[in-house]
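Required output: the full structure, derived from the provided sequences and hints.
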Amino acid sequence: MTEYNIDKLLEQLEKHPDDDKLLAKIALYYIENPEGNKDLEYLERAYQVNPSIENTHNLAFWLYHEYGEEIRSIGLQRQALLLQPKSYYPYASYILMLTFDVGYTDDSYSHKPVNHYELVIEYCLIALEKFHSTSAEQHKGHQLLPVNLYNNIACTYVMLDKHEEASKYFVKALQVLEDSNIGSNKDKVSQSILDEKKYNILLNQIRLQILIGHPRKAITLINQLEKNVHYDSLDIANLYARACAYDLANKMIPESYMDDSWELIWYAIYKADKNKWYRMKKAMLNDEVKYLSESKIDAENYRLENKLDLLEEENETIEYLKNVINNRIITLEADGVSKPNSSIKAEFSREFFGCLLFGCEAHDNLMNDNFATKA
28 MTEYNIDKLL
38 EQLEKHPDDD
48 KLLAKIALYY
58 IENPEGNKDL
68 EYLERAYQVN
78 PSIENTHNLA
88 FWLYHEYGEE
98 IRSIGLQRQA
108 LLLQPKSYYP
118 YASYILMLTF
128 DVGYTDDSYS
138 HKPVNHYELV
148 IEYCLIALEK
158 FHSTSAEQHK
168 GHQLLPVNLY
178 NNIACTYVML
188 DKHEEASKYF
198 VKALQVLEDS
208 NIGSNKDKVS
218 QSILDEKKYN
228 ILLNQIRLQI
238 LIGHPRKAIT
248 LINQLEKNVH
258 YDSLDIANLY
268 ARACAYDLAN
278 KMIPESYMDD
288 SWELIWYAIY
298 KADKNKWYRM
308 KKAMLNDEVK
318 YLSESKIDAE
328 NYRLENKLDL
338 LEEENETIEY
348 LKNVINNRII
358 TLEADGVSKP
368 NSSIKAEFSR
378 EFFGCLLFGC
388 EAHDNLMNDN
398 FATKA
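For the sequence shown, counting from 1, position 323 maps to 350 in our numbering; every step adds exactly one.
Quick caveat, the hints were computed from the structure, so don't treat them as lab data.
Glycine included, every Cβ here is placed at the ideal spot set by N, Cα and C.
Treat the hints loosely; a few may be bogus.
Said to hold, decoys possible - Derived CB-CB ranges, DEER-like:
1) Asn-142 <-> Asn-333: 55 to 65 Å
2) Asp-286 <-> Pro-44: 36 to 46 Å
3) Lys-334 <-> Asn-395: 26 to 36 Å
4) Asp-286 <-> Asn-255: 17 to 27 Å
Said to hold, decoys possible - Calculated cross-link-like contacts (lysine to aspartate or glutamate; reagent style DMTMM-like; alpha-carbon spacing at most 20 Å):
5) Lys-167 <-> Glu-145
6) Lys-113 <-> Asp-128
7) Lys-52 <-> Asp-396
8) Lys-225 <-> Glu-192
9) Lys-195 <-> Glu-164
10) Lys-349 <-> Glu-327
11) Lys-215 <-> Asp-391
12) Lys-199 <-> Glu-149
13) Lys-244 <-> Asp-206
14) Lys-199 <-> Glu-156
Below you can see the structure in the form of structure tokens.
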């Protein structure tokens with residue numbers, strides 16, 4: 028937590044209203060201690076007083092990730108890049124804006140134009156160059172940035188159908204992750220985070236093997252994940268289904284509730300054991316009928332108590348459940364189940380880089396862009 032005495036900072040600001048560094052400190056305080064939109068207010072004021080690399084970047088970063096103002100934040104980030112920053116922060120932030128839409132709708136990344144992907148790769152390489160030009164002390168909270176960048180470059184090459192390049196960068200990501208220097212200093216990265224990172228990259232490698240038509244190799248790689256503490260049966264079942272190993276996918280899933288969104292897993296269960304598929308779907312239908320009955324009782328109580336707002340909400344729930352139940356009945360009475368046609372490209376997992384705000388002591392970030400590069 029950044030330890031700023033807000034009362035003293037505000038007193039100083041009364042004497043020096045155009046001190047952009049003071050305004051930036053106050054903004055960081057309100058970022059960590061939210062109070063309305065004061066975080067944005069002081070970021071804006073710092074930027075208006077001095078549109079420096081730091082102020083422009085911080086405003087762009089926070090507008091994008093906290094306030095969802097995509098167009099203006101990207102414009103501001105480009106403005107910061109025109110100032111030719113020495114640090115990797117503005118470049119890494121721009122990559123995030125190009126890689127994740129506001130709201131982090133992952134599937135959107137598989138529908139970008141070619142020049143968009145090429146721009147992501149270009150700035151990933153610039154960020155890597157900037158990162159490696161600085162000392163380990165200046166990396167602090169971003170020790171895993173090269174791993175994340177290599178992974179994201181690989182995912183982007185997947186979108187460009189350059190599979191050999193993608194494979195090369197996934198391997199690079201894992202090699203850096205295995206480097207004994209990561210987490211060896213006082214700012215050690217936890218083993219759990221390292222394990223999770225490795226798990227996510229291995230999942231991507233498996234997806235790549237499935238995409239290029241090597242299901243057997245994919246299944247071999249899946250076996251390597253069993254000892255990882257982040258091993259998730261749904262992830263694995265989905266990959267088995269992608270590899271058309273329906274029996275293996277089916278064995279991963281017990282006869283209990285599973286969300287309808289896992290379409291390929293449901294298809295695998297249907298292909299491997301239709302009776303199990305029917306029992307699971309029927310059990311879900313029974314639960315939904317029960318929920319509908321309970322909602323009707325609640326709605327009647329709200330009507331009698333004249334709680335009109337709650338009654339309206341409950342009636343919306345009732346209509347939703349009716350539609351779900353109707354669709355479930357149609358599915359159970361159908362002659363067969365069609366294979367989902369969703370693209371595996373949408374499942375490649377890209378990494379977020381964490382907080383990139385200049386001056387954020389809570390994340391051991393750089394105070395400013397002025398620092399000496401390695402000799």
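These are the hints, each one checked on the structure:
Taking 55 to 65 Å as the suggested C-beta distance range, the pair Asn-142 and Asn-333 conforms, at roughly 59 Å. The beta-carbon spacing between Asp-286 and Pro-44, approximately 53 Å, falls outside the hinted interval of 36 to 46 Å. The hinted window of 26 to 36 Å between Lys-334 and Asn-395 is violated, with their beta carbons roughly 55 Å apart. Separation of Asp-286 from Asn-255 is about 23 Å and conforms to the stated range, judged on CB atoms against 17 to 27 Å.
For the given pair, Lys-167 sits about 29 Å from Glu-145 by alpha-carbon distance, which is inconsistent with the 20 Å threshold. Restraint check: the Cα-Cα separation between Lys-113 and Asp-128 comes to about 26 Å, which exceeds 20 Å; the hinted pair is violated. Between the alpha carbons of Lys-52 and Asp-396 the distance comes to roughly 15 Å, so the proposed pair stays at or under 20 Å and holds. Restraint check: the Cα-Cα separation between Lys-225 and Glu-192 comes to about 19 Å, which is no more than 20 Å; the hinted pair holds.
Between Lys-195 and Glu-164, the direct Cα distance comes to roughly 28 Å. Violation of the 20 Å bound is thereby established for this hinted pair. With a C-alpha separation of about 17 Å, the suggested pair Lys-349 and Glu-327 falls inside the 20 Å cut-off, and the hint holds. At roughly 13 Å between alpha-carbon atoms, Lys-215 and Asp-391 fall within 20 Å of each other, so this suggested pair holds. With a C-alpha separation of about 17 Å, the suggested pair Lys-199 and Glu-149 falls inside the 20 Å cut-off, and the hint holds.
Annotation: proposed proximity of Lys-244 to Asp-206 is violated, straight-line Cα distance about 25 Å (limit 20 Å). A hinted pair counts as satisfied when its Cα atoms are at most 20 Å apart, and Lys-199 with Glu-156 qualifies at roughly 15 Å.
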